[in-house]
Amino acid sequence: MEYTDRLIKGHGKYVADIALPEMLYMEVVRSKVARGNIVSVKGGISASDKNFYLGSSGEGYGEGNAGVKQPAFAEKYVSYYGQPVAAVYSSSKYAAKDLAESVEIKIEPLEPVVTLDQALKLPSIHPSMGSNRASEFTLGSEFAEKGDISVEDELYLERVVTDPLETRGIVSLYRDGVLNVWISTQSVYSIRDGLSAALGLPRDALRVMQADTGGAFGSKSAVYPEYVIASYISMKTGKPVKWTESREEHLMASRPGRGALGRLRLSATKDGKIVGLKGEVVVDIGAYGDMLGLNSPAWIARQLTGPYAIPNAYLKATALYTNKAPLGPYRGAGRPEASFFMERMIDLLADKLGIDPAELRLKNATESTFNSPLGLVVNASRQFLERGLRETGYWDMGAGKGLSFFVLIPAVFGGESARISVKDGRINIWLGGNAHWQRHELFVKKIVSEVTGVPEEYIELNKGNTGELGYGVGTWGSRSAIAAGQAVYRAALKIREMAEKEGKDVLSGSYDYSVMENMTLDPSMISFLLTVTSANLNEVGDPVIKSCTAFYDVGEPLSKTSITGQITGGLAQAVSEVLFESQTYDQKGKPEAQTISEAGVPYAHQLPKFRVIIAQEGKSGTLHGAKGVGEAGTVGGLPSITRAVESITGKRIRKLPVMYGTQ
Amino acid sequence: MKVKINVNGEDFASDVEPRLLLVDFLRDTAGLTGTHVGCETGSCGSCTVLLDGRPVKSCLMLAAQADGSRIITIEGISKGESMNRVQKSLSESKALQCGFCAPGIVITASWFLDKNENPDEGEIREALSGNICRCTGYQPVVDAVLKASKEVK
Amino acid sequence: MLYPPQINYERPESLSEALSLLNDHPWSLIMAGGTISVLSLKKRAVNAELVVDIGRLHELKGIDFRDGRYRIGSAVKIYEIAESGFEGPGFSLLRQAASSVGDPLLRNMGTVGGNVCLGDPSNDLPPALLVLGAELNVVNHAGARNLNISDFYKGPFRTSLAKNEILDSINFSEPGKGYRWFYYKHYIRHLDHSVVNVAALGKVIGGRIADLRIAVGGMSVRVPTPIETSWAVGKHASHEELSRIVKSASEKCLCTDDRQGSAEYKKRMIEKITQMALLSVMGDAL
Ligand SMILES: Cc1cc2nc3c(=O)[nH]c(=O)nc-3n(C[C@H](O)[C@H](O)[C@H](O)COP(=O)(O)OP(=O)(O)OC[C@H]3O[C@@H](n4cnc5c(N)ncnc54)[C@H](O)[C@@H]3O)c2cc1C
Ligand code: FES
Ligand code: FES
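Chains as they are written, first to last, in the numbering used here: chain L, 1 to 663; chain U, 1 to 153; chain Z, 1 to 286.
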């Protein structure tokens with residue numbers, strides 16, 4: 001049976017579908033101002049009853065937590081519109097909503113810090129901090145600018161909410177000393193470790209099980225206040241507690257991505273050789289900073305030279321607190337920011353020099369392994385670009401074309417785990433990286449089948465479950481094919497070896513093997529992305545994307561269906577980030593998009609036909625040779641689509657989404 | 001208040017609060033959780049069901065409004081283990097990713113193909129303009145529906 | 001999640017029963033298709049003591065064409081207009097507007113009456129009905145009144161309906177032979193409010209403008225608004241007349257910079273689409 005048949009028949013089991021006896025339904029009461037002092041809270045559970053503090057978890061987690069930790073319930077003051085202040089519960093979901101409406105919260109509003117300029121000028125949003133500078137880095141080293149010509153510009157990407165079709169949700173059940181959690185997530189391990197830290201429970205007192213997960217795009221990796229509160233209520237009542245996020249809540253209080261500013265300056269010789277890059281990257285990380293937020297500006301800056309051999313670079317990178325929902329990862333998480341910033345600058349330089357943008361890129365593409373001054377190591381890219389320009393038909397395209405050429409750096413940090421169990425003539429697999437669903441089963445079954453010789457119909461990939469596999473990382477950062485693929489490959493080799501030792505056919509035995517595969521990034525894992533877009537104008541003169549072609553290096557293609565689906569999905573999100581999508585905030589810091597249509601999520605009739613050319617350019621140095629792909633579409637698509645729109649409208653684009661009339 | 005709604009050929013008579021949404025009647029009262037809630041504001045089509053033969057968004061209706069009507073949900077669009085041509089085509093081409101959109105898209109697309117013999121890609125995209133799929137970029141889904149349109153019913 | 005508050009709900013069997021319910025309960029919410037009324041209940045944006053469901057009232061159903069005049073019951077679904085086979089230019093204009101409403105599923109749910117009575121500036125039917133000169137037949141427990149749709153809209157989401165009144169039907173004459181029509185809706189984000197909708201109907205005889213009606217809706221104008229064109233009637237359908245009309249349409253723009261685009265952009269869109277409308281209805285005369 002095809003993996004999605006269950007879902008196609010309507011038999012999926014998402015968090016909202018879980019029914020347990022005595023279920024309680026939780027609703028969260030939220031701040032209706034972006035900043036203010038809490039005067040009183042009447043009704044529900046709130047900070048005065050009990051509070052918890054959230055550390056770093058999910059994508060970009062790491063050692064320590066230098067920022068201000070987010071409390072589960074706002075304490076003394078609120079820092080963003082939609083921040084949880086109180087929670088209520090009832091055995092009926094409608095009644096819980098009524099209860100939520102009856103909670104009275106009095107807040108004395110304060111002037112919020114909404115823009116980056118305000119963040120720099122105004123005192124800190126947190127009394128415990130001296131300023132709104134959450135982190136500051138410098139990358140590369142200062143150099144004297146040479147070259148004949150320079151261009152500079154300021155570029156900005158608005159915030160974007162991830163908007164998976166299924167919103168966030170959790171069911172917590174504390175029973176017999178164990179907190180059982182069913183959740184829509186990218187990583188049961190992030191949830192377990194994050195909840196354990198916040199609630200002060202030992203890890204082995206938690207069992208986290210992934211429910212069917214209806215998309216995530218970054219927003220379902222970390223622990224959120226609501227998860228902690230729902231778990232706490234279950235610990236208090238001993239009953240299962242369900243919380244499902246409304247779309248309105250998702251738009252105001254989940255963790256959106258982007259919100260990044262680049263002020264860059266390129267210097268070049270008059271024949272187009274780029275000799276220097278200077279400037280700064282500033283990221284709006286919202287009201288609280290975990291490792292993802294604090295590190296994001298430096299992560300963006302580090303990638304800026306991309307596939308180009310730029311000998312000198314010096315960048316400042318700053319994260320700023322504002323009164324907005326905390327920043328999270330959105331498909332690409334720092335990668336599309338870098339590609340957008342750099343590629344916009346290269347287009348600007350090409351226009352100034354009067355050189356075709358493709359020629360300029362060819363001139364600067366790396367010709368051998370290159371150690372960038374910012375700490376990035378990339379292989380030779382020029383040949384790939386040459387081939388791609390030919391195969392995509394770039395040279396023959398007419399007016400309104402756009403091109404981008406960049407790198408995709410997978411987040412292999414931490415490696416990944418896998419478990420294979422053979423029993424009763426079937427193979428069951430668990431991965432540390434939880435699919436949600438990128439169709440991991442397509443490549444996982446293929447790898448295991450090829451290594452063990454067992455036909456795919458006997459192999460099953462299971463959802464994430466900390467009870468079945470005790471350690472792991474998660475699915476994000478285009479890491480699954482590489483890291484999870486490697487882990488499952490290793491485990492499959494081991495299973496084969498075990499069977500060989502017993503002189504048995506794999507399926508007739510009974511084996512169980514788990515592995516944690518460590519990994520470090522090497523340049524063979526970095527893929528090159530060439531994206532070519534064509535735009536025209538509709539009858540009223542607005543830009544429309546006609547076609548978009550991806551020529552992406554995927555290493556050894558594990559599953560063409562899964563690769564193509566990942567790329568078209570990413571490109572669609574790129575088109576809409578250019579033309580429609582954003583979350584913006586009014587002067588008071590109130591989120592302006594309140595429905596999924598207002599946020600600009602695109603529909604079928606608004607998108608072009610995508611063409612995916614799977615370009616195999618060498619293999620990664622993993623066991624199976626695959627490279628990452630999950631975020632390729634947004635990284636490659638954003639600058640290419642932007643350029644196509646710019647070419648057809650004739651107006652320089654500095655900010656996404658385009659502001660109609662000013663683009 | 002008392003309502004009686006025929007869901008997938010079976011009568012469900014129940015005493016409900018007048019404020020009960022149709023989608024919650026289907027999910028909680030009738031226990032059919034294949035109908036999803038994605039946006040709650042009529043934008044995404046995750047909650048699509050056939051009401052007296054036409055697809056509607058069940059998050060924007062009260063169960064009371066559907067009293068006496070006949071509803072088909074994803075669980076009733078094809079019998080037992082079988083699949084209709086849209087479902088088969090989505091399955092065979094592995095078009096879906098997370099699948100959360102699938103119930104709504106199957107209902108809308110099946111209804112559309114029943115009325116339209118030989119649709120082109122543009123018409124299919126228009127027909128799906130009330131159903132969001134956030135994962136696929138629509139291309140694989142549109143291709144699968146186009147393929148299904150060529151199959152006999 | 002969004003759930004409606006506790007409500008009382010009645011589904012009267014007849015129009016007169018509905019009207020007396022409204023009269024007895026001044027704080028009622030009329031619900032037809034429910035797309036917006038259920039949504040506003042879910043958002044807890046309305047406080048209604050009673051919900052009166054008029055969606056099935058047979059008195060409010062049906063599209064009739066008699067003596068050159070249409071009567072469209074207010075509870076007629078949008079799709080019924082979109083799928084109906086009437087062919088005159090007037091009805092074709094209305095059909096195009098109806099086909100532009102939301103998406104196929106919303107068209108199966110929403111009614112003509114709900115679309116007209118909501119007063120949402122970006123709704124599709126009002127500009128079309130304005131150029132058709134539609135008469136609205138409005139009833140209450142004591143009687144009925146007829147008013148022209150041009151007297152109906154008082155502001156964004158404000159109409160001249162009293163709390164105890166129901167829109168019974170919409171009536172208009174088919175303008176007939178020689179008329180040309182135009183309808184265009186412009187939006188950026190699908191199923192979000194539109195930037196501008198333009199409806200037009202016109203007739204040219206011997207190069208002279210015999211009749212010309214244009215109306216503009218959308219967030220850029222805030223209220224569905226007819227454009228004054230009577231001064232052009234009898235004149236030659238020249239590019240000069242055309243640009244004067246485009247200018248008066250763009251003066252209706254209450255444009256500001258926002259998520260829909262810059263003020264300048266919205267003005268440009270009104271001008272552009274009004275121009276498309278004029279080129280289309282003036283046809284070869286230009
Ligand atoms: C996601 C979304 C997208 C939409 N897109 C569009 C669009 O593109 N174009 C468009 O035009 N509309 C759009 N709408 C708005 C709406 O769905 C339509 O206008 C629809 O026709 C409303 O009809 P209804 O019967 O559902 O209204 P209801 O919700 O039943 O009623 C709407 C309002 O009118 C009042 N009312 C209804 N009938 C009567 C009557 N006979 N007498 C007096 N008062 C009455 C109600 O009290 C209520 O205030 C959209 C709505 C949603 C949710
Ligand atoms: S949940 Fe009903 S349309 Fe989205
Ligand atoms: S497959 Fe995820 S929303 Fe369609």
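Please keep in mind that the hints were generated in silico from the structure rather than gathered at the bench.
Positions of the beta carbon are idealized from the N, C-alpha and C atoms, including for glycine.
Possibly wrong hints are sitting among the right ones.
Every beta carbon over 12 Å from chain Z, so not counted as near; a handful from chain U, in silico [said to hold, decoys possible]:
no.: 1; residue: Asp-11
no.: 2; residue: Gly-31
no.: 3; residue: Ser-43
no.: 4; residue: Lys-57
no.: 5; residue: Gln-65
no.: 6; residue: Met-83
no.: 7; residue: Thr-108
no.: 8; residue: Glu-121
no.: 9; residue: Val-152
Here are the simulated DSS-like pairs of lysine-lysine, each with C-alpha atoms no more than 25 Å apart in a straight line [unchecked claim]:
no.: 10; chain 1: U; residue 1: Lys-115; chain 2: Z; residue 2: Lys-272
no.: 11; chain 1: U; residue 1: Lys-4; chain 2: L; residue 2: Lys-463
no.: 12; chain 1: L; residue 1: Lys-560; chain 2: U; residue 2: Lys-79
no.: 13; chain 1: U; residue 1: Lys-79; chain 2: L; residue 2: Lys-609
no.: 14; chain 1: L; residue 1: Lys-651; chain 2: Z; residue 2: Lys-61
no.: 15; chain 1: L; residue 1: Lys-106; chain 2: Z; residue 2: Lys-163
no.: 16; chain 1: U; residue 1: Lys-79; chain 2: L; residue 2: Lys-76
no.: 17; chain 1: L; residue 1: Lys-446; chain 2: U; residue 2: Lys-4
no.: 18; chain 1: L; residue 1: Lys-13; chain 2: U; residue 2: Lys-150
no.: 19; chain 1: L; residue 1: Lys-50; chain 2: L; residue 2: Lys-76
no.: 20; chain 1: U; residue 1: Lys-79; chain 2: U; residue 2: Lys-2
no.: 21; chain 1: U; residue 1: Lys-4; chain 2: Z; residue 2: Lys-272
no.: 22; chain 1: L; residue 1: Lys-13; chain 2: U; residue 2: Lys-147
no.: 23; chain 1: L; residue 1: Lys-239; chain 2: L; residue 2: Lys-13
no.: 24; chain 1: U; residue 1: Lys-150; chain 2: L; residue 2: Lys-609
no.: 25; chain 1: L; residue 1: Lys-363; chain 2: L; residue 2: Lys-352
no.: 26; chain 1: L; residue 1: Lys-463; chain 2: U; residue 2: Lys-115
no.: 27; chain 1: Z; residue 1: Lys-43; chain 2: L; residue 2: Lys-651
no.: 28; chain 1: L; residue 1: Lys-590; chain 2: Z; residue 2: Lys-43
no.: 29; chain 1: L; residue 1: Lys-609; chain 2: U; residue 2: Lys-4
no.: 30; chain 1: L; residue 1: Lys-655; chain 2: L; residue 2: Lys-316
no.: 31; chain 1: Z; residue 1: Lys-43; chain 2: L; residue 2: Lys-655
no.: 32; chain 1: L; residue 1: Lys-560; chain 2: U; residue 2: Lys-147
no.: 33; chain 1: L; residue 1: Lys-546; chain 2: Z; residue 2: Lys-61
no.: 34; chain 1: L; residue 1: Lys-588; chain 2: Z; residue 2: Lys-43
no.: 35; chain 1: L; residue 1: Lys-13; chain 2: U; residue 2: Lys-88
no.: 36; chain 1: Z; residue 1: Lys-43; chain 2: L; residue 2: Lys-42
no.: 37; chain 1: U; residue 1: Lys-94; chain 2: L; residue 2: Lys-446
no.: 38; chain 1: U; residue 1: Lys-147; chain 2: L; residue 2: Lys-546
no.: 39; chain 1: L; residue 1: Lys-32; chain 2: Z; residue 2: Lys-267
no.: 40; chain 1: L; residue 1: Lys-463; chain 2: L; residue 2: Lys-446
Here is what the structure says about each hint:
{"no.": "1", "hint": "Asp-11", "in the structure": "19 Å, holds"}
{"no.": "2", "hint": "Gly-31", "in the structure": "19 Å, holds"}
{"no.": "3", "hint": "Ser-43", "in the structure": "5 Å, violated"}
{"no.": "4", "hint": "Lys-57", "in the structure": "5 Å, violated"}
{"no.": "5", "hint": "Gln-65", "in the structure": "6 Å, violated"}
{"no.": "6", "hint": "Met-83", "in the structure": "22 Å, holds"}
{"no.": "7", "hint": "Thr-108", "in the structure": "7 Å, violated"}
{"no.": "8", "hint": "Glu-121", "in the structure": "16 Å, holds"}
{"no.": "9", "hint": "Val-152", "in the structure": "24 Å, holds"}
{"no.": "10", "hint": "U:Lys-115 <-> Z:Lys-272", "in the structure": "36 Å, violated"}
{"no.": "11", "hint": "U:Lys-4 <-> L:Lys-463", "in the structure": "38 Å, violated"}
{"no.": "12", "hint": "L:Lys-560 <-> U:Lys-79", "in the structure": "32 Å, violated"}
{"no.": "13", "hint": "U:Lys-79 <-> L:Lys-609", "in the structure": "34 Å, violated"}
{"no.": "14", "hint": "L:Lys-651 <-> Z:Lys-61", "in the structure": "51 Å, violated"}
{"no.": "15", "hint": "L:Lys-106 <-> Z:Lys-163", "in the structure": "34 Å, violated"}
{"no.": "16", "hint": "U:Lys-79 <-> L:Lys-76", "in the structure": "57 Å, violated"}
{"no.": "17", "hint": "L:Lys-446 <-> U:Lys-4", "in the structure": "49 Å, violated"}
{"no.": "18", "hint": "L:Lys-13 <-> U:Lys-150", "in the structure": "32 Å, violated"}
{"no.": "19", "hint": "L:Lys-50 <-> L:Lys-76", "in the structure": "13 Å, holds"}
{"no.": "20", "hint": "U:Lys-79 <-> U:Lys-2", "in the structure": "29 Å, violated"}
{"no.": "21", "hint": "U:Lys-4 <-> Z:Lys-272", "in the structure": "52 Å, violated"}
{"no.": "22", "hint": "L:Lys-13 <-> U:Lys-147", "in the structure": "28 Å, violated"}
{"no.": "23", "hint": "L:Lys-239 <-> L:Lys-13", "in the structure": "20 Å, holds"}
{"no.": "24", "hint": "U:Lys-150 <-> L:Lys-609", "in the structure": "20 Å, holds"}
{"no.": "25", "hint": "L:Lys-363 <-> L:Lys-352", "in the structure": "15 Å, holds"}
{"no.": "26", "hint": "L:Lys-463 <-> U:Lys-115", "in the structure": "39 Å, violated"}
{"no.": "27", "hint": "Z:Lys-43 <-> L:Lys-651", "in the structure": "40 Å, violated"}
{"no.": "28", "hint": "L:Lys-590 <-> Z:Lys-43", "in the structure": "17 Å, holds"}
{"no.": "29", "hint": "L:Lys-609 <-> U:Lys-4", "in the structure": "45 Å, violated"}
{"no.": "30", "hint": "L:Lys-655 <-> L:Lys-316", "in the structure": "20 Å, holds"}
{"no.": "31", "hint": "Z:Lys-43 <-> L:Lys-655", "in the structure": "33 Å, violated"}
{"no.": "32", "hint": "L:Lys-560 <-> U:Lys-147", "in the structure": "19 Å, holds"}
{"no.": "33", "hint": "L:Lys-546 <-> Z:Lys-61", "in the structure": "43 Å, violated"}
{"no.": "34", "hint": "L:Lys-588 <-> Z:Lys-43", "in the structure": "21 Å, holds"}
{"no.": "35", "hint": "L:Lys-13 <-> U:Lys-88", "in the structure": "20 Å, holds"}
{"no.": "36", "hint": "Z:Lys-43 <-> L:Lys-42", "in the structure": "22 Å, holds"}
{"no.": "37", "hint": "U:Lys-94 <-> L:Lys-446", "in the structure": "15 Å, holds"}
{"no.": "38", "hint": "U:Lys-147 <-> L:Lys-546", "in the structure": "22 Å, holds"}
{"no.": "39", "hint": "L:Lys-32 <-> Z:Lys-267", "in the structure": "34 Å, violated"}
{"no.": "40", "hint": "L:Lys-463 <-> L:Lys-446", "in the structure": "17 Å, holds"}
This entry does not satisfy hints 3, 4, 5, 7, 10, 11, 12, 13, 14, 15, 16, 17, 18, 20, 21, 22, 26, 27, 29, 31, 33 and 39, going by the numbered hints stated previously.
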